[in-house]
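Just need the whole structure built from these sequences, with the hints factored in.
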Amino acid sequence: MPAMIEYIQKDSFFHRLHPITKILWTFGVLIISFLFSTPLPIFIILLSNILIAVASGIFKQVFPAIKALFLFSLLLIVFQIFFVTEGNTLFYAIPFTNIGRVTDVGLNLSLVMSFRMVATVSTIPILMMTTPMTDMVVVLVEKLKIPFKFAFMFITALRFIPTLLGEIEQIMQAQMSRGYNSDTRNPFKKIIIIIPLAIPLLVSSIKKTEKMAISMEARGFASGPRSYYKKIMMKKEDYASLFVLISVIFITAIVF
Amino acid sequence: MISIKGLSFIYNDTKEPALNNINIEISEGEFVGIAGPTGAGKSTLTLCLNGVIPHFLHGDFYGEVKVDGKDTVDNGCAKIAYSVGSVFQDPEAQIVSTRVEDEIAFGLENLNIPRIEIGERIKESLEMTGISELRDYSTSQLSGGQKQRVAIASAIALRPKILVLDEPTSELDPKGSLDIFNTLQRLNQEYNITIVVVEQKIQLLSEYCSRLVIMDKGNIILDGETRTVLAEQETLQKIGVSAPPVTRLAYMLKKEGLYQGGFPINVEEAYLMVSKVLSEKSR
Amino acid sequence: MIRINNLCYRYRNGNSVLKNLNINIKSGEFAAIIGQNGAGKTTLLKNLNGLLKPTEGQVLICGLDTSKTKTSVLAKKIGFLFQNPDHQIFCSTVFDEIAFGLKNTGISPNEIESMVYNAAKKVGLESYLKNDPFSLSKGQRQRVALASVLAMETDILVLDEPTTGQDYNEGLEIMEIVKELNAQGKTIVMVTHDMELVAKYAKRVIILMKGTVIEDGTTEEVLSKEESLAQSNLKPPQAYLLAKKFQKQGFFRNTYTVEDMFEEIISYLRGEQNACND
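Residue numbers (the numbering used here), protein chains in the order written: chain A, 1 to 256; chain B, 1 to 283; chain C, 1 to 278.
Please note that a few of the clues may not be correct.
[Said to hold, decoys possible] Listed below are the simulated DSBU-like cross-link pairs for lysine-lysine, each with C-alpha atoms no more than 35 Å apart in a straight line:
#, chain 1, residue 1, chain 2, residue 2
1, C, K76, C, K103
2, A, K189, C, K122
3, C, K68, B, K238
4, B, K255, A, K211
5, C, K19, C, K70
6, B, K276, A, K211
No lab work stands behind these hints, which were simulated from the structure alone. Just so we're clear, the structure is a prediction, and the values are computed from it rather than from any experiment.
Put into structure tokens, the structure is as follows:
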């Protein structure tokens with residue numbers, strides 16, 4: 001889970017693109033996925049996402065996310081497929097009975113929905129893994145005019161997710177060594193069973209926050225106007241990529 | 001460089017003063033170690049040096065603290081950051097950025113240093129701390145010792161004349177601890193940066209610091225040349241501060257009247273001492 | 001007590017952390033595991049109580065195979081004191097905190113009360129049972145964590161860096177309690193960086209480097225292996241280095257602390273003992 005958001009350092013074409021280009025790409029994928037209403041083209045878009053991940057050298061890290069999305073989409077298919085009644089019957093889920101009728105329209109719709117979901121959501125981990133957090137902050141503050149404090153809060157929260165997950169693991173191991181057992185099916189017990197994990201985590205997080213704040217304060221945080229070291233410029237590659245993206249959208253809209 | 005007069009501080013919601021009438025002067029270029037049991041007020045003292053007390057942490061503040069000519073009450077943390085760099089105990093709770101380069105730029109950006117200068121300063125700070133090769137690394141890839149050195153580089157990017165550290169090697173192994181102290185020694189000797197470091201590892205302090213300050217319950221109990229302070233074994237033992245084993249041996253021998261010389265702090269000096277003592281038998 | 005046979009541990013990505021370890025720790029021993037960061041010390045400890053299961057090989061704790069036994073069950077045989085007590089403390093009274101482990105193992109409330117009291121007494125906190133653990137000092141919280149481990153009355157006690165982050169007195173308090181427990185027959189396994197601590201308390205020392213054991217013997221034997229120590233960026237304690245300088249002259253053959261050296265100097269000068277020239 002945390003690895004889905006951490007920046008992976010590689011030097012690929014996609015890595016070098018401006019964050020705005022990549023953000024526009026995620027929107028572009030969203031638009032194109034909705035312009036098509038048959039499964040195959042959307043699946044091709046999904047494949048293009050995977051190709052981008054492979055070309056950027058981050059496929060291994062993105063794969064768990066894509067796998068999870070696929071599994072979730074299977075659930076969606078299962079739920080949707082039986083509720084559509086129009087169209088010609090293709091087969092029944094339970095053979096030789098009338099239960100679980102699957103129609104061609106139903107199959108089409110479910111596949112379209114699930115592929116759309118995977119294609120559009122998978123762009124996010126790819127974006128996060130190829131863009132350093134600080135670049136995102138710079139973009140959010142300079143181009144989208146979000147006040148620095150908010151952008152910083154958001155980025156720092158993300159930066160701490162791996163740290164907190166590490167803490168949870170340590171706390172879990174410490175409590176398990178005292179005979180703590182979290183196997184329980186009872187939903188009410190499940191809530192109580194979290195307390196020996198939640199409280200140390202809460203205390204630890206609050207302490208870390210205070211230490212962080214002191215460290216930032218001692219380096220002049222939020223004391224006045226701020227400069228930015230990174231200068232991220234749009235390059236030829238960015239304009240070329242955007243051109244390709246917009247062309248694809250237009251062609252799709254007109255032709256299909 | 002550092003001048004503290006009559007400093008007392010009581011945190012909000014506490015009755016006992018964390019600091020009780022502290023008076024101390026530190027000159028430029030000194031390498032001072034501060035030791036003492038838990039609750040002595042060592043951390044509180046470091047927070048008074050960088051302005052976090054009284055500007056960020058509140059309480060009853062008495063007395064005067066001047067660093068590099070600036071009064072810490074009249075100047076905010078940002079202004080003081082130009083004179084005092086700070087490094088704390090927990091590497092995880094200091095690093096803000098995901099890349100080393102960005103971490104060092106952090107303080108410079110906060111103080112609105114122009115972009116052109118930032119690049120130069122990052123390069124310089126990395127060279128001064130001997131970690132130029134880590135520039136493009138992701139901060140999560142670093143070891144504890146490396147993280148602390150990045151924290152030091154980030155603190156000195158603003159070119160402060162003073163560097164204050166609160167138990168920087170607490171979470172590190174022996175090699176990591178040595179790396180930190182060697183870095184501090186270099187900053188002190190080559191760049192004349194005044195170092196004030198709080199530590200529990202008295203053996204390390206005794207090897208690197210020329211001056212040792214011992215605190216207990218908010219007061220400064222001992223303050224002077226390292227050897228002289230370590231010689232006060234009775235006081236140190238009463239307060240609960242350890243000493244290098246060879247220094248303890250010297251104290252035991254002195255108490256028996258078997259030895260009158262200076263206090264050793266390392267094995268070579270102790271060898272001379274013990275040789276001398278053993279040769280007394282022939283008399 | 002603890003039998004480690006051909007233990008190998010690898011991460012999911014294939015990195016080998018522990019390679020073919022064979023260690024036997026007998027009942028009542030006081031063993032220290034030393035080595036630099038990344039050598040695999042913590043991984044080894046976590047394989048002892050089932051937090052990590054061996055990729056290959058076997059770990060037997062009092063005859064129980066850790067790969068087939070739940071950590072919550074192993075917790076009755078092997079107690080763990082972690083470096084940071086704040087990773088465990090969550091109750092509103094010291095009593096509840098110490099009782100936590102006992103409640104997990106299903107012991108009756110009557111028995112729990114006396115067991116908690118005994119454990120608190122061993123660490124000197126019997127008058128603090130009604131206090132809020134969060135209001136105590138760090139050293140006291142570490143003692144609460146120790147008490148909660150002691151309450152389980154396990155035969156083996158594992159300590160992960162017991163004195164790191166503590167001041168001298170706090171560390172000493174914990175170690176003296178541990179020493180007393182060892183004298184009463186408990187098996188102690190301790191991971192530490194502090195060579196002075198090793199010299200003072202441990203009877204057996206194991207050096208771990210890059211996942212393998214490079215030295216395993218008595219404290220006296222291992223502390224003299226300066227090369228192996230140097231490879232792990234460790235230095236023998238000052239007392240040992242000082243004693244070594246005099247060994248050719250016949251002094252300090254079996255001393256590893258300055259206190260022992262002092263005693264030897266005194267008896268020599270009083271003529272009670274000549275330099276041992278055997």
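**Hints not upheld, ascending by number** = 3, 4 and 6
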